[in-house]
Amino acid sequence: MAFSTVSPVIDRPDPVPEPVRLRVPLHVPLWTYILLGINALVWLAMTLAGGSENTLILVIFGAKYQPLIAAGEYWRLLTANFLHIGIVHLLMNSYALYLFGLQVERRFGRLKFVVMYLLSGLGGTVLSYVGSSALSAGASGAIFGLVGAITVYYATYRDAFGAQGKQQLSSLLLVTGYNILWGFINPRIDNLGHLGGLAIGLVLGWAFCPRYVLSMDPGGGPELKDRAPRGRALALAGAVAVLLAVLSGLGTWLHTRAGIL
1 MAFSTVSPVI DRPDPVPEPV RLRVPLHVPL WTYILLGINA LVWLAMTLAG GSENTLILVI
61 FGAKYQPLIA AGEYWRLLTA NFLHIGIVHL LMNSYALYLF GLQVERRFGR LKFVVMYLLS
121 GLGGTVLSYV GSSALSAGAS GAIFGLVGAI TVYYATYRDA FGAQGKQQLS SLLLVTGYNI
181 LWGFINPRID NLGHLGGLAI GLVLGWAFCP RYVLSMDPGG GPELKDRAPR GRALALAGAV
241 AVLLAVLSGL GTWLHTRAGI L
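For what it's worth, my numbering labels the leading residue of the sequence shown as 1, then goes sequentially.
The hints are simulated quantities; they were obtained by calculation from the structure and are not laboratory data. From a predicted model like this one, the values you see are computed outputs, not experimental measurements. Treat the hints loosely; a few may be bogus.
[As the list claims (entries may be wrong)] As a list, the in silico SDA-like pairs of lysine to any residue whose alpha-carbon atoms are at most 20 Å apart:
#  : residue 1 : residue 2
1  : K225      : R106
2  : K225      : L56
3  : K225      : I60
4  : K225      : L78
5  : K225      : F161
6  : K225      : A155
7  : K225      : H27
8  : K166      : L202
9  : K166      : R211
10 : K166      : R23
11 : K166      : T176
12 : K225      : I87
13 : K225      : A239
14 : K166      : T156
15 : K225      : Y212
[As the list claims (entries may be wrong)] Label pairs and their calculated CB-CB ranges:
#  : residue 1 : residue 2 : range
16 : P25       : R257      : 48 to 56 Å
17 : R257      : W31       : 36 to 44 Å
18 : A239      : N186      : 18 to 26 Å
19 : P187      : Y95       : 44 to 52 Å
20 : K166      : G86       : 33 to 41 Å
21 : Y33       : W253      : 35 to 43 Å
22 : A134      : L234      : 43 to 51 Å
23 : T256      : R188      : 34 to 42 Å
24 : R257      : L30       : 38 to 46 Å
25 : R110      : A245      : 42 to 50 Å
26 : G50       : Y95       : 21 to 29 Å
27 : L30       : R188      : 32 to 40 Å
28 : Q164      : R110      : 38 to 46 Å
Where a beta carbon is used, it is the ideal one built from N, C-alpha and C, also for glycine.
Taking the hints into account, I'd like the entire structure generated from these sequences.
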């Protein structure tokens, strides 16, 4: 019996290449910590001056107080975002700012973060000024803006992040919906401030959202870089600022006509 010494040729399928994992470019946060410190220092100063829940102290430090804003003190629309009514209010907003602020600043960058925070805060106080005569203060409007921005981010990249991205998006929508609903139920909550901040955050989150492009690093391999056009985003941010100024003037006109002054 003869045996062949030639090995049979077996066609083997080419190995499936492993997927390349790319790191999303992240920024080192700074302003989140600065804002946390500013809010804490302002609350401490108010406490030493007579109490952060004292109406007179709130007005002196720059809370949103409709008659004075209508009389020309428009700076209150900004300063109200750095005041908090009591330690519980401060701690709740500080936790939310830490939680969402770090996410937004890492993914959007420092400059975009600051612009979104301030304009969202203004959006909240402006809408509250137009629609409510109640004294109010707090960073909630600005924080809702951050929530809106990071929601847009995860909605944009929900497929790229897979199951984790979809879970993040679902959690954000659930938390936002719950807080807005609770704001309608609880009369002590300035829900107009929340809605105004959220609306600005959604708009600026879309404008400032990173646009990742695959690039080849000469010293390494493929990497992601943010190639979002800056001109359009800055123009939209400017348009938002102008819109808020117009709404502030409209609020003053409405309150003057209603005889609040």
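Hints, verified against the model:
Pair hint K225 plus R106 holds up; C-alpha atoms about 14 Å apart against a cutoff of 20 Å. Our distance criterion of 20 Å between C-alpha atoms is broken by K225 and L56, whose separation comes to about 50 Å. At roughly 46 Å between alpha-carbon atoms, K225 and I60 are farther apart than 20 Å, so this suggested pair is violated. Using a Cα cut-off of 20 Å, the hinted pair K225 and L78 is violated, with the two alpha carbons roughly 34 Å apart.
Restraint check: the Cα-Cα separation between K225 and F161 comes to about 16 Å, which is no more than 20 Å; the hinted pair holds. Between K225 and A155 the CA atoms are separated by roughly 19 Å; this keeps the pair inside 20 Å, and the hint holds. A distance of roughly 12 Å separates the Cα atoms of K225 and H27; the hinted pair therefore holds under the 20 Å criterion. With a C-alpha separation of about 18 Å, the suggested pair K166 and L202 falls inside the 20 Å cut-off, and the hint holds.
Distance hint between K166 and R211 is fulfilled; the C-alpha atoms sit about 19 Å from each other, no more than 20 Å. A distance of roughly 18 Å separates the Cα atoms of K166 and R23; the hinted pair therefore holds under the 20 Å criterion. Our distance criterion of 20 Å between C-alpha atoms is met by K166 and T176, whose separation comes to about 15 Å. Proposed proximity of K225 and I87 is contradicted: the alpha carbons are some 41 Å apart, above 20 Å.
Distance check on the hinted pair: K225 and A239 sit about 27 Å apart at the alpha-carbon level, beyond 20 Å; violated. Our distance criterion of 20 Å between C-alpha atoms is met by K166 and T156, whose separation comes to about 10 Å. A threshold of 20 Å between alpha carbons decides the hint, and for K225 with Y212 the separation of about 5 Å falls inside it, so the pair holds. With their beta carbons about 51 Å apart, P25 and R257 fall inside the hinted range of 48 to 56 Å.
Under the hint 36 to 44 Å, the C-beta atoms of R257 and W31, about 39 Å apart, fit the expected range. At roughly 33 Å, the beta carbons of A239 and N186 sit outside the given window of 18 to 26 Å. In this structure, P187 and Y95 break the distance hint of 44 to 52 Å, their C-beta atoms being roughly 23 Å apart. Evaluation of the 33 to 41 Å hint for K166 and G86 yields a pass: the beta carbon distance comes to about 37 Å.
Between Y33 and W253 the C-beta distance comes to about 40 Å, which sits within the given range of 35 to 43 Å. Under the hint 43 to 51 Å, the C-beta atoms of A134 and L234, about 34 Å apart, miss the expected range. Range check, T256 to R188: about 27 Å between beta-carbon atoms, so the 34 to 42 Å window is missed. Between R257 and L30, the C-beta spacing of about 44 Å keeps the proposed range 38 to 46 Å intact.
Judged by the Cβ atoms, the range 42 to 50 Å given for R110 and A245 is violated: they are separated by roughly 25 Å. The beta-carbon spacing between G50 and Y95, approximately 26 Å, falls within the hinted interval of 21 to 29 Å. Hint check: L30 to R188, Cβ distance near 33 Å, so the stated range 32 to 40 Å holds. Between Q164 and R110 the beta carbons are some 25 Å apart, a value that contradicts the proposed interval 38 to 46 Å.
The structure fails to meet hints 2, 3, 4, 12, 13, 18, 19, 22, 23, 25, 28 from the earlier list, while all remaining hints are met.
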